[in-house]
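With the hints as your guide, set chain B onto chain A.
Chain order of the listed sequences is A and B.
Using the working numbering, you'd call the opening residue of the first sequence number 114 and step up by one each time.
Using the working numbering, you'd call the opening residue of the second sequence number 7 and step up by one each time.
Which stretches of chain A does chain B cover? Using the computed rule of at least three CB atoms under 8 Å from a CB of chain B, they are: (1) 150-161; (2) 240-251; (3) 316-328.
Not close to chain B: a few residues of chain A, all C-beta gaps over 12 Å, as computed: (4) Gln118; (5) Cys125; (6) Gly127; (7) Ser129; (8) His197; (9) Leu200; (10) Val211; (11) Met257; (12) Glu258; (13) Arg279; (14) Arg369.
Quick caveat, the hints were computed from the structure, so don't treat them as lab data.
In this text, a Cβ means the ideal position worked out from N, Cα and C, and glycines have one as well.
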Amino acid sequence: MEPLQRIACDWCGGQSPAGATSCVTCGAPLNVKNLVSDSGWREAPRLRDMSEVKFGSSVCQVEGEIVPVAEITLGGNDAIFFEHHVLLWKDDSVRMDVMPLQGGIKRALAGMPFVVSIASGQGRVAFSRDASGELVVLPLHPGMEMDVREHAFLLCSHSINYSYTRIKGLRNILFGGQGMFMDRFVAQNAPGLLLLHGYGNVFERRLGAGESVILEPGGFLYKDASVTMNIETQKLTTGFFGGVGMNLARMTGPGRLGIQSMYHHHHTD
Amino acid sequence: MSMPPTPAMTDAPRYRCPWCGHAGDAGSTSCPRCGAPVDVRMATSDSGWAKLPPIKDMARIQFGQSFCQIEGNYVPVADFKLDGGDGVYFTHHLLLWKDEQVQISTLPLAKGWKRLFAGLPLIMTQAHGPGRIAFSKDAPGELIALPLDAGQSVDVREHVFMIATSQVAYDWFQTGIWFTTHEDKSTETHYPIGMFMDRFTAGPAPGLLLLHGNGNVFVRNLQPGQTIAIKPTSLLFKDPTVSMNLHLEYPGGTYGAFQSWGRWGNRYVWLHLRGPGRVAIQSHFEHLEDPGHAIRNTEPRTTTRQW
Numbered sequence: 114m115e116p117l118q119r120i121a122c123d124w125c126g127g128q129s130p131a132g133a134t135s136c137v138t139c140g141a142p143l144n145v146k147n148l149v150s151d152s153g154w155r156e157a158p159r160l161r162d163m164s165e166v167k168f169g170s171s172v173c174q175v176e177g178e179i180v181p182v183a184e185i186t187l188g189g190n191d192a193i194f195f196e197h198h199v200l201l202w203k204d205d206s207v208r209m210d211v212m213p214l215q216g217g218i219k220r221a222l223a224g225m226p227f228v229v230s231i232a233s234g235q236g237r238v239a240f241s242r243d244a245s246g247e248l249v250v251l252p253l254h255p256g257m258e259m260d261v262r263e264h265a266f267l268l269c270s271h272s273i274n275y276s277y278t279r280i281k282g283l284r285n286i287l288f289g290g291q292g293m294f295m296d297r298f299v300a301q302n303a304p305g306l307l308l309l310h311g312y313g314n315v316f317e318r319r320l321g322a323g324e325s326v327i328l329e330p331g332g333f334l335y336k337d338a339s340v341t342m343n344i345e346t347q348k349l350t351t352g353f354f355g356g357v358g359m360n361l362a363r364m365t366g367p368g369r370l371g372i373q374s375m376y377h378h379h380h381t382d
Numbered sequence: 007m008s009m010p011p012t013p014a015m016t017d018a019p020r021y022r023c024p025w026c027g028h029a030g031d032a033g034s035t036s037c038p039r040c041g042a043p044v045d046v047r048m049a050t051s052d053s054g055w056a057k058l059p060p061i062k063d064m065a066r067i068q069f070g071q072s073f074c075q076i077e078g079n080y081v082p083v084a085d086f087k088l089d090g091g092d093g094v095y096f097t098h099h100l101l102l103w104k105d106e107q108v109q110i111s112t113l114p115l116a117k118g119w120k121r122l123f124a125g126l127p128l129i130m131t132q133a134h135g136p137g138r139i140a141f142s143k144d145a146p147g148e149l150i151a152l153p154l155d156a157g158q159s160v161d162v163r164e165h166v167f168m169i170a171t172s173q174v175a176y177d178w179f180q181t182g183i184w185f186t187t188h189e190d191k192s193t194e195t196h197y198p199i200g201m202f203m204d205r206f207t208a209g210p211a212p213g214l215l216l217l218h219g220n221g222n223v224f225v226r227n228l229q230p231g232q233t234i235a236i237k238p239t240s241l242l243f244k245d246p247t248v249s250m251n252l253h254l255e256y257p258g259g260t261y262g263a264f265q266s267w268g269r270w271g272n273r274y275v276w277l278h279l280r281g282p283g284r285v286a287i288q289s290h291f292e293h294l295e296d297p298g299h300a301i302r303n304t305e306p307r308t309t310t311r312q313w
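Next up, chain A with everything else stripped away, as it sits in the complex (with noise of 0.2 Å):
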């Protein structure tokens, strides 16, 4: 008997049939070198125009590069949610329903999205976001938690368990550029899939348990749950009014820390 050939993805980890030019799970190509930078960078994956990534019983086609469309198949019982903004077009047949969510009024007091609309049902429903960036697919697997930007995630599998998590000390409330809360991920019982877009490119660190690096708050884009985040301030002297402050975050690991090339800039205080 002929051995079950696969093909492993460098990205997620997902098996795909040989043969097989991007991976089933997250569409990364797999007949393309990794992009990794001297300093440890990996390029997110770029997704090919129209691959598609499976999920449950549904699929994902991504389609354009410029600013790219997810167009979501929807089969058997599956649903997506997403922040209602993002919604581009959608087939008569898709129902739509609002989450409830827990803590409303901290949510709409930090600025975050206060309803969260859920698609199902037979038929199709694409999603865009408003600038130029990248597609990130990031398949979850039970046990895996992931924080990430608020307003950064596109769409999400009903699979996966969508929370908050409170940003913890006043001064990464104040400076860190996330606000309040950060959004929280968490597969449970069943795999799942979340989209993100992030602005400008996408790049993605492993750090080891301890390894730090200090980032510009606004290019945080997702972490692990275990990876952890703290606002030191640098402070500059100019020679008016005794300088000013540039607020960075320390990510220390171990864990995945993601991040963005456009980001939104905390002015120094």
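Quick look at chain B alone, frame taken from chain A:
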């Protein structure tokens, strides 16, 4: 008796970078001095504008004992590996990430009050090696690597500069490009390319300057006396030998019963450039606010044309 040259000496393929003029090994995929790809032809329009060859993803540029790696293509990141003796300076809001051991501090700038009032960055930040530090700008476009030979200068429009190596001196000067408008007893002064312009000059050693152009970047070499009019906000950089003046054009024809070039503000504000030297423009440029009020005064070298 003279010996014939060895095959290795004659057959070694040599390559001259069309962008920076560096002579290097044709076997590499990008120029080590400016990052321009080796294996693509310079695309030049019929009018003479050469499209800046986009730096290949992960291309490395060497300066001193340090390297700069360019990562990404929509909003490229400049990732520096600084050697112990090397340093760079930059406007602080471009910092993306850094290693712990890289020390940053402010670069003292003269005439701080003038800079403050002109809207120029009040502080310039410097970083010293050893270690890694990376930068990116918050707009899609291209990174421009400009290697400067010893003593060579280049003039850069404000807010275009990203990073320079410590061998490059930084100064700034008044552009002298202005006009005033008058309305309801108040006079307003307008600076189409800003009040000031940055000037970077390499010292006794060569240096590297990194700029960011929004959209695509095009360069041309003006011959002595050759002129061209460009949208003021599209200017990226020029050689100091290229002179500038304000140029105003009023279109012909009439609008209703009025001549179109009257006080109704139907006019074109141009930046007039005269060679010799290089000029670079960006394809995505901000809209120049023209209030449309009658022009009262202009800089003394202003030229005007009424069609």
